[in-house]
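Here is how the chains run, residue by residue.
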Amino acid sequence: MPISFRSLSYIYNKDMPYAHKALDDINLDIKEGIITAIIGETGSGKSTLVEHLNALLLPDEGSLQILDYNIVAGQKQRFLKPLRKDVGLVFQFSEYQLFEETVIKDVAFGPLNFGYSIDEAKRRAAEALKLVNISEDLFEASPLELSGGQKRRVAIAGIIACDPKIIVLDEPTAGLDPHGAKEMIALFVSLNKEMNKTIIIVSHDNEMVYNYCEETVVLSHGKIKYHGPTFDLFCDRQKLAEYDLLEPQIVTFRNALIENGFKLSKQARTLDVIAKEIAEQVKR
Amino acid sequence: MSLIEIKNVDYSYNDTRKAVDGITFDIEKGSYVTIIGHNGSGKSTLAKLITGLLPVKNGSILIDGLEVNEQNISAIRKRLGIVFQNPDNQFIGSTVKDDIAFGLENKQVESADMEGIIGEYAEKVGLTEYLDYEPQNLSGGQKQRVAIAGILAMKPDIIIFDEATSMLDPKGKKEIKKLMYDLAGDDTITIISITHDIEEVLQSDDCIVLNKGKLFMHDKPQKVFADAEKLRKIDLDVPFVELVREVFAKNKIKLKAHDLEGMVAELCRYRSDH
Chain A
0 MPISFRSLSY IYNKDMPYAH KALDDINLDI KEGIITAIIG ETGSGKSTLV
50 EHLNALLLPD EGSLQILDYN IVAGQKQRFL KPLRKDVGLV FQFSEYQLFE
100 ETVIKDVAFG PLNFGYSIDE AKRRAAEALK LVNISEDLFE ASPLELSGGQ
150 KRRVAIAGII ACDPKIIVLD EPTAGLDPHG AKEMIALFVS LNKEMNKTII
200 IVSHDNEMVY NYCEETVVLS HGKIKYHGPT FDLFCDRQKL AEYDLLEPQI
250 VTFRNALIEN GFKLSKQART LDVIAKEIAE QVKR
Chain B
0 MSLIEIKNVD YSYNDTRKAV DGITFDIEKG SYVTIIGHNG SGKSTLAKLI
50 TGLLPVKNGS ILIDGLEVNE QNISAIRKRL GIVFQNPDNQ FIGSTVKDDI
100 AFGLENKQVE SADMEGIIGE YAEKVGLTEY LDYEPQNLSG GQKQRVAIAG
150 ILAMKPDIII FDEATSMLDP KGKKEIKKLM YDLAGDDTIT IISITHDIEE
200 VLQSDDCIVL NKGKLFMHDK PQKVFADAEK LRKIDLDVPF VELVREVFAK
250 NKIKLKAHDL EGMVAELCRY RSDH
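Those sequence lines, one after another, are chains A and B.
Using numbering that gives the first Met the number 0, count along the first sequence one by one with no gaps and you end on 283.
Using numbering that gives the first Met the number 0, count along the second sequence one by one with no gaps and you end on 273.
No lab work stands behind these hints: they were computed from the structure.
Listed next, the in silico PhoX-like pairs over lysine-lysine satisfying Cα-Cα at most 20 Å (straight line):
#, chain 1, residue 1, chain 2, residue 2
1, A, Lys222, A, Lys20
2, A, Lys164, A, Lys192
3, A, Lys222, A, Lys30
4, A, Lys265, A, Lys275
5, B, Lys56, B, Lys211
6, A, Lys238, B, Lys170
7, B, Lys17, B, Lys56
8, A, Lys13, A, Lys222
9, A, Lys238, A, Lys265
10, B, Lys219, B, Lys229
11, B, Lys249, A, Lys275
12, B, Lys211, B, Lys6
13, B, Lys96, B, Lys106
14, A, Lys262, B, Lys251
15, B, Lys219, B, Lys255
16, B, Lys170, A, Lys224
17, A, Lys129, A, Lys104
18, B, Lys253, B, Lys222
19, A, Lys181, B, Lys229
20, B, Lys253, A, Lys275
21, B, Lys232, A, Lys181
22, B, Lys251, A, Lys275
23, B, Lys123, B, Lys177
24, B, Lys96, B, Lys154
25, B, Lys123, B, Lys154
26, A, Lys275, B, Lys255
Keep in mind that this is a model prediction, so the values were computed, not measured.
Chain A on its own, in the form it takes in the complex:
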């Protein structure tokens, strides 16, 4: 297991009258090589959880194993830099964090910071920009001249250029128009499938989670309520009601068909397969 939380707790404003336990005794193993979603209502602890993954926050109690790094509450950490190279974190509204004069310089900043030569850093930056579909004629442009969706992709390129093993994205599609959101989803699916990156996504978009994330973690009030296959979660109406989650439309449709006597296999998760299986039942 590359990522394991053991009895981890995190408290904001510790020892203050308004201390708040944002993560409460978290035990969690996230699998390598897949896309895992972290969902839960606003304030449930999602962002706090992912900020532990590259040690932006350190646990107050318990421990955390990420790849070969072991972070234990109360112990001094010596390996923050290599850890942050291996775990790339893309913040919410990351487009606001671009700061260099040109797109290429912004993306090269990470690799430079991790000790690559200028030429190597630029080569990596160019490669990462190509991957996120930013054309070469924009390399020398100011980040400010780009559209919101482009800026966000440049911010992600900055992470990809450092060649992390794990990429964590905090609400990567929030505020993008449907077209921008689709491009973003295609990007992290290809990072997972083609470059074998472990992807962790914080999201409110249940439709996206259902369609693209193999496993899902549900957080509520700093505790883990569910961790397992995404399909099993969204097909369980009792769980959806208990965790106050909206049912994806395709699941609503699937359930309605089953309730009306149609037979659908467990493989019928996409519209294509559902339609095929139904077609056989109406033709007979």
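Start from chain A and add chain B according to the hints.
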């Protein structure tokens, strides 16, 4: 006469490209109109022209017969409310009560009447119990509801929602959409909603599709979505029911219903026919 008449309106931020390019359409009183189009299609520019935030240089916009220009803008603004995208940017008061009161104070409503009016509109948006709450203790959806209560208290004829749900979580989105649908039932209020939410569009009376500054379609939502390919070509989403219709058509099953429930019923009928 239509409540809003937009005639041959052009607008460009610089000389190279028109952000709004020769747009003409009318909006009827009491209707609920959605405006869609991908980023850069001219949606927001058009909204800014209607609300007088940008000057109309070419063409004309009439609201209830009154031309939108510098001279008329304060009279027009009194009849028009805008709900913006970011819930944090429009909370002015220190509590919910203060925030709703802000517009009323500007309008010099008697303080004896104030309490009653605030209570009425807080109830309308379901925030009666939150009157003394401060903004940091409210969710995004609740903040947007406060903004809407403040606008309703001014008794506007027109409310413009400028991507008012796009920054909210699913719960907040649901809350605001429900409130919008309730308001749409009120014939005295005309609603214009700029949105990316295709499911919302299905609930509106009319849909205006913009592409590259031009009017691409103006029709009932069902008709707009009937040609999925056409919408995909301009980078727009297709509602889930239309995806279902498409995929079943590929499997030689023709579905005619307008919602999922109807489609399931249709499939049941097909099954018993065979």
